[in-house]
Structure formats: structure tokens, C-alpha cells
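**Student:** Could you slot chain Y onto chain E? The hints should help.
Chains E and Y are the protein sequences, given in the same order.
The numbering used here numbers the first residue of the first sequence as 1070 and each following residue consecutively.
The numbering used here numbers the first residue of the second sequence as 3 and each following residue consecutively.
Source of the hints: derived by calculation from the structure; they are not laboratory data.
Note that the structure is a prediction, hence the values are computed from the model and not measured.
Every residue gets a Cβ at the ideal spot worked out from N, C-alpha and C, and that includes glycine.
You may find that some hints are simply not true.
Unchecked claim - Distance windows between CB atoms, simulated: (1) Gly1156/E - Leu110/Y: 22 to 32 Å; (2) Thr1162/E - Arg113/Y: 22 to 32 Å; (3) Glu1184/E - Leu24/Y: 51 to 61 Å; (4) Glu1146/E - Lys95/Y: 31 to 41 Å; (5) Asp1133/E - Lys127/Y: 15 to 25 Å; (6) Lys87/Y - Glu1166/E: 28 to 38 Å; (7) Lys87/Y - Asp1169/E: 19 to 29 Å; (8) Arg1145/E - Glu101/Y: 23 to 33 Å; (9) Lys127/Y - Glu1184/E: 45 to 55 Å; (10) Gly1073/E - Gly13/Y: 32 to 42 Å; (11) Thr98/Y - Glu1166/E: 19 to 29 Å; (12) Ser39/Y - Asp1132/E: 34 to 44 Å.
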Amino acid sequence: MKEGGRANALLVELLLVIFFFMISAAILVQVFADAKLKSRTAAATNSAMLEGQNIAEDLYGSDDPEAVLAEYGFTREGDVWVLEKKGYALRVTSKSEETDSGTLRNYEVSGIEGEKTLITLPSTRFIPKEVSP
Amino acid sequence: MNKRKIALGPGAASLILIIVVLALCMMCMLNQISARSDYNLCSRSAEMVQRVYELNAQSEQKLAELDAVLVEARKDAGNMDAYLKKVSASLPKGMTMEEDKVQWTEPLDNRNLECIVQLLPPEEKQRTKWISHKLVVDEPEEDWEW
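Here chain E stands alone, though its shape is the one from the complex (with noise of 0.2 Å):
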């Protein structure tokens, strides 16, 4: 009788142990998916900024903007150019302004995960005309 009790009192205890480790399971997971995903964002920040900044450099410098680009391998979707990376998107968008003196070329490259800009850099470049003294 006693040896019953004092099983039964182990089960029951085990039975609650189980119960609060899958509770505090529960919830460690989900802290710990949070601390992954922060990670992958902070990543795919790095990344875009990096790859982001070399592309800006390179419109900056470049006569030939475009070319520029499909040597990076975007692929133009209307106004927009893009580049999937792993984990994060690249968009070029271009905007030029002409003025009597010159061309104001701007470029936007955006770094985006899913729904998020991670980053954008503008890059503009005036070039002047040559207008005759």
C-alpha cells in the first residue's frame, strides 16, 4: 500500500514535471526563433550595405549606368532593377533630372528582406553640359 502511494505520488510528479518543461520549452523556443531571426536581419543588413555601397560606388563612377548593373546580374522589372541575394533583394531605381546646366542623375539602391527595407543609398551624380562662353 505504501510502495503504491509513493509510486503514485512519482507519477503524478513526473507528469507535472513534463507539463512545466514543455511550457518553459514553449517558450524558449519562441525566444529563441526571435534571436535567430534578429541575427538573420542583422546579416542580410551587413551584406545589403556592403554590396549596396559597391553598387553606389559604381553608378557614381560609371558613364554607363545600366551596364553597370547587368554586369551585377539585376534583371530590369519595369522602372525598377533587382537582384535576389540569399536572404535579401537588391532594387536599383533611377530618376534623372535635366537642368540648364547639366543632368542631376540619381540613383536609389535599396536593400529589402521580405517586406522590410533594410537599407537605401542614393547615389547622385551632377554632370555638367558644356554650354559655349
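**Tutor:** Chain Y alone, transformed into the frame defined by chain E:
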């Protein structure tokens, strides 16, 4: 046959649970702290890079404004002195002129993008030449701690 019996006394399972959960919590906390600081560092770095690029873009826009003034001034400017006088009279806001050099600053927190361009004589096709385009960082504030 000598059979050893493993006895699991009352409370042993609870004790093991507490130890395991505490260890997991500790790992979780360290992981979260590391991930968060990584994320914050990356975000701050990306924000600073973005702002520096915005400054560069602004400086190019200012150069475009200045160039428009130069084109107008060149239209009926005879010699270099008359040209410089005309430019000086209609210099865009925020720019200063010293001899044949025009300078302006793009501020960002404790950093400044200092821009200096030289105005070339009206006879030349090129109107300006970059002399300086650098990001200057001010001294750290007093409460700065290494």
C-alpha cells in the same frame, strides 16, 4: 545475478527540471543579448552609412545649383574678375566664396561634409573642379567613454 536498482526519489525529477530550465534560460538569454547587440550595431552602422550617402547626394545637388549660377555668370562675363564678382553676387544660400574657391558644409551630428570647388576661368569648357570633398569628424563629446 547482482541487479542494481536505480532509485528516483521524490523531488529528483523537479530538481532536474529546475536545473535544465535554468540552463536553457541562461543560454537563451545569452543568445538573445548577442543577437540584439549584433542587430543594433548593424542598424546603427547602416543608418550612418545611409546618412553619409545622403550628404554626398546633397552636395551634388548643391553643386548643380552652383553650376546653374556659373552658366548664367559666364554669359556676358568678360574677364575672370568680372566673372567672380557676378558669381559672388548670386551665390546660392549656404555657400561662401574666397578668391576663386567656393565652399559649403553639409552637417550631420558631430560630422561635417566639407566641400570646396575651384571656379575655372570663363574661357575654359569645364566650369568647376573639386578641391575638397571630405567628411570631418569633430572631437568626441566630453561624456565619451572608451
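**Student:** Taking the hints in turn, state whether each one holds.
**Tutor:** Consistency of the hints with the structure:
no.	hint	in the structure
1	Gly1156/E - Leu110/Y: 22 to 32 Å	29 Å, holds
2	Thr1162/E - Arg113/Y: 22 to 32 Å	27 Å, holds
3	Glu1184/E - Leu24/Y: 51 to 61 Å	38 Å, violated
4	Glu1146/E - Lys95/Y: 31 to 41 Å	39 Å, holds
5	Asp1133/E - Lys127/Y: 15 to 25 Å	22 Å, holds
6	Lys87/Y - Glu1166/E: 28 to 38 Å	29 Å, holds
7	Lys87/Y - Asp1169/E: 19 to 29 Å	21 Å, holds
8	Arg1145/E - Glu101/Y: 23 to 33 Å	47 Å, violated
9	Lys127/Y - Glu1184/E: 45 to 55 Å	48 Å, holds
10	Gly1073/E - Gly13/Y: 32 to 42 Å	19 Å, violated
11	Thr98/Y - Glu1166/E: 19 to 29 Å	26 Å, holds
12	Ser39/Y - Asp1132/E: 34 to 44 Å	43 Å, holds
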